[in-house]
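Fit chain B to the given chain A structure using the hints.
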Amino acid sequence: MWVYLARRLMYLLPVMLVVVSIVFLLIHLIPGDPAAVMAGADATPDDVAKMRNVMGLDRPLYEQYGRWLFRTIQGDLGRSIFLERPVTTAIAERLEPTVLLTTFSLIVALIIGLPAGILSGAHPNTWLDKGMMVVAMLGVCIPAFWLGLNLIYLFAYKLRLFPPGNYVSLSTSIPTGIYYMLLPSLSLGFGQSALIARMVRSCMLEVLAQDYIRTARAKGLSEKVVVYVHALRNAMVPTSTVIGMTIAVLMGGAVITETVFNIAGVGRLVVSSVLRRDYPVIQGVILFIAFVYVVMNLLVDALYCLIDPRIRYD
Amino acid sequence: MEQRWRWRLTALFVVSLVLLAILPSTAGAGQPKVGGTMRFALEGEPPTLDPHWATATVVMTVGSHWLETLFTQGAKYEIIPDLAEGYTASNDLKVYDVALRKGVLFHNGKEMTSADVVASLDRWGQVATNGKSFYRNVEKVEAVDKYKVRITLKGGSAVIPALLTWNGRSFIYPKEVVDEVGTKGPVKTYIGTGPFQFVEHKPDRHIRLKRFDKYTARTDTPNGFGGKKVAYFDEVLMIPVPEQAQRVTMVQTGELDFSDWISPDAYDRLKADPQIATLIVKPKEWIIGVFNKKKGIFTNKTMRQAVQAALSMKPIMTNAVGRPEFYRVDPAILFKETVWWSEAGKELYDQANLEKAKRLMREAGYKGETIRWMCTKEYEWMYQSAVIGAQQLKEAGFKVDLQVMDWASVVQRRTNPDAYEIFTTGMGLTSDPAEFMSLTCGWPGWACFPELDALMLKLASTSKFEDRHKIWEQIQTFFYENAVNVKMGDFFTLRIHKNYVKGYTNMNLAFLWNTWFEK
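Chains A and B are the protein sequences, given in the same order. Its first residue numbered 1, the first sequence is counted upward by one per residue in the working numbering. Its first residue numbered 1, the second sequence is counted upward by one per residue in the working numbering.
Take these hints with a grain of salt, some might be off.
[What the hints assert, rightly or not] Quick list of simulated restraints, FRET-style, between CB atoms:
1. A:159 x B:109: 47 to 57 Å
2. B:416 x A:56: 19 to 29 Å
3. B:150 x A:21: 48 to 58 Å
4. B:108 x A:141: 52 to 62 Å
5. B:217 x A:141: 31 to 41 Å
6. B:135 x A:58: 21 to 31 Å
7. B:217 x A:161: 53 to 63 Å
8. A:161 x B:273: 12 to 22 Å
9. A:59 x B:152: 33 to 43 Å
10. A:58 x B:295: 14 to 24 Å
11. A:66 x B:135: 35 to 45 Å
[Claimed, not checked] Distance condition first, Cα-Cα at most 25 Å in a straight line; then the derived DSS-like pairs of lysine-lysine:
12. A:50 x B:294
13. B:519 x A:158
14. B:295 x A:50
15. B:140 x A:50
16. A:158 x B:228
17. B:214 x B:228
18. B:132 x A:50
19. A:50 x B:184
20. B:502 x B:214
21. B:394 x B:301
22. B:132 x B:184
23. B:498 x A:158
24. B:228 x A:50
Keep in mind the hints are simulated off the structure, nothing from the lab. Fair warning: this is a prediction, and the values are worked out from it, not measured in the lab. Glycine residues also receive a C-beta, built at the ideal position from the N, C-alpha and C atoms.
Chain A with its partners taken away, still in its complex shape (with noise of 0.2 Å):
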């Protein structure tokens, strides 16, 4: 197990060398560059020329990515153009946001997708199995942005329940910080609750047909028994790994909430650099979430022998 672990560590430093080269190369390679953002509308050429040349936007490409390079490799991300800080400092200043965001919307994408896909994987065929399908395909179906724009103007607009953006920290006040949050959240969260009941649905009626549940039932075990301690633990296994994959789809799916709901996270870092090419900030953040989605992939296959004591790694 920990030989298997320590090998997957050591596949990351390939994986993310050819995910920051490809960044590197794809945001050099569109046109426009933060020299002439900052200097604004009215500057010159010349004006442009020398603000590249302070920037160190006028060396060659390969030297622009060696650098970065070697100081990825220390640890150093560089300093962003437009913030004026490391581009470490700048993440870590916006990761609070992110992290609840996610932390959120995932609560909400399991407090909805795990019951859906559990009752209508138990009642196949059903009036409730097919309702709660129609619904899990919107889920699937609706995009993210959509939903919110429209929770926005139903229930901040229209209602006046909720703020319809903006983020409080949870270190100035927890309930404040909850309720700004819950709106975000359930745009997010809401179409990764559909593929989470889609697939605990289809798990389900798979352990569910399977001969030690019949055998569960024969020996008269109650159908909650069978369902929830029997079937569902098995029913887990390839569902965790969708659960997984949700974290990391959940925090590149900030970007999208964070700009409609205003909330100045990693996400919204993220659009406004690369609005302004601000390389550095760009890489470093794109560097991260490859990082969050690589490590998500790895841990979820370490849960695998916790759900499932018969998986074994080596």
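Just chain B now, with coordinates in the frame of chain A:
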């Protein structure tokens, strides 16, 4: 005797009743109140907080609250003193003596003197776009005494006070703040003389300012951006909200108190909301199609004139802005609200004459070359005006390739003469007409005309307003006769605030002094 006292008591009672009736209504009529936190929406995160370093409007909006300039603009955008007490100029306009106000304090408690002004202007002259252009004509800037600064020019110029306004970005920092960074980068310590002082900046979250209790206000009546400035709010929280729909909802639901840059599409809805005050920001900007006059088919004047002849501005502006309250089809390069307005050359504006355009295209020998028209969707009015403009050119027989990209790409590509034939952008107010960047050879589009340069120089070196206005009319005529660029029309924006915000003065840049809450 007793009767006289009775009369006196009755009179006193009546007067008291009248006073009681009047006093509450006086308070309700708008007595300024101190206190509260103003939550103000910024259209985005400022790239820096140093207005010397960047020209973006959002940098100016923030900066004008904690920084000040020697001069500023009054209600009609005329030049009035701010940190300066006044100035004198030599007859040849080569030597300016600017007297500073005494007792003006920086936020660190230090008094502003000529040493701070000289250091700030020297830095501005090296790093800011307007400053660099100005300093090419500067012999030296020196402190005559503690409260007097002398600016000596190489050639006479009348634009000095105008350049030393907030619009010229020549803000005054303490000398030690300037010395700390020099010209290597944006300032690191945010100290100015403004009515609000800097507290903290959490990027993408907020910029927090608080009232500067030791602010040394002018004693003259408030006038536009100048005159007596009073900070009534305890704090100002400037919150970046890039999505305009989100800004609207946040003001409507009370999450914000004030927002600029609202789409005119929301005007009817917001006007009907009793909790919201709507303000049309007039003037704001005008839409310009800038020809590439350095390379390609628009080096040919007749081709440019063909485009000028083909365009019909009302459909362009309707598509760009929508509601008629928010645009104006007007030939003037400088807005109607300013003293510089003129109709010179108007017969060549908004011609909508396809036959003339076709004739000019034939005369110019147009052979169906592609016109690459660059625009962005980041500013909807730029894209929407370019869509109709391109359509009108196609109807005249031009082959147009409308290239839509993000703003950063437009800003980069417009400096490359091989990349385009036209690009769309906006022109705002300038500190002085002689500083109009798009009429200079160095700015993208490259307006390199010796005759125009001579007129601009003459404008800069003439002091009498009437004479300057005549020169400006000649420049505007030259603009149209040579189709230097093409003006589409003026557009205005929508600004909203909660109706408990009182005392607000609606100028083209939002500011929050002399404004208070009544709730």
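So which of the earlier hints does this model not fit?
Per hint list: 5, 7, 16, 24 violated.
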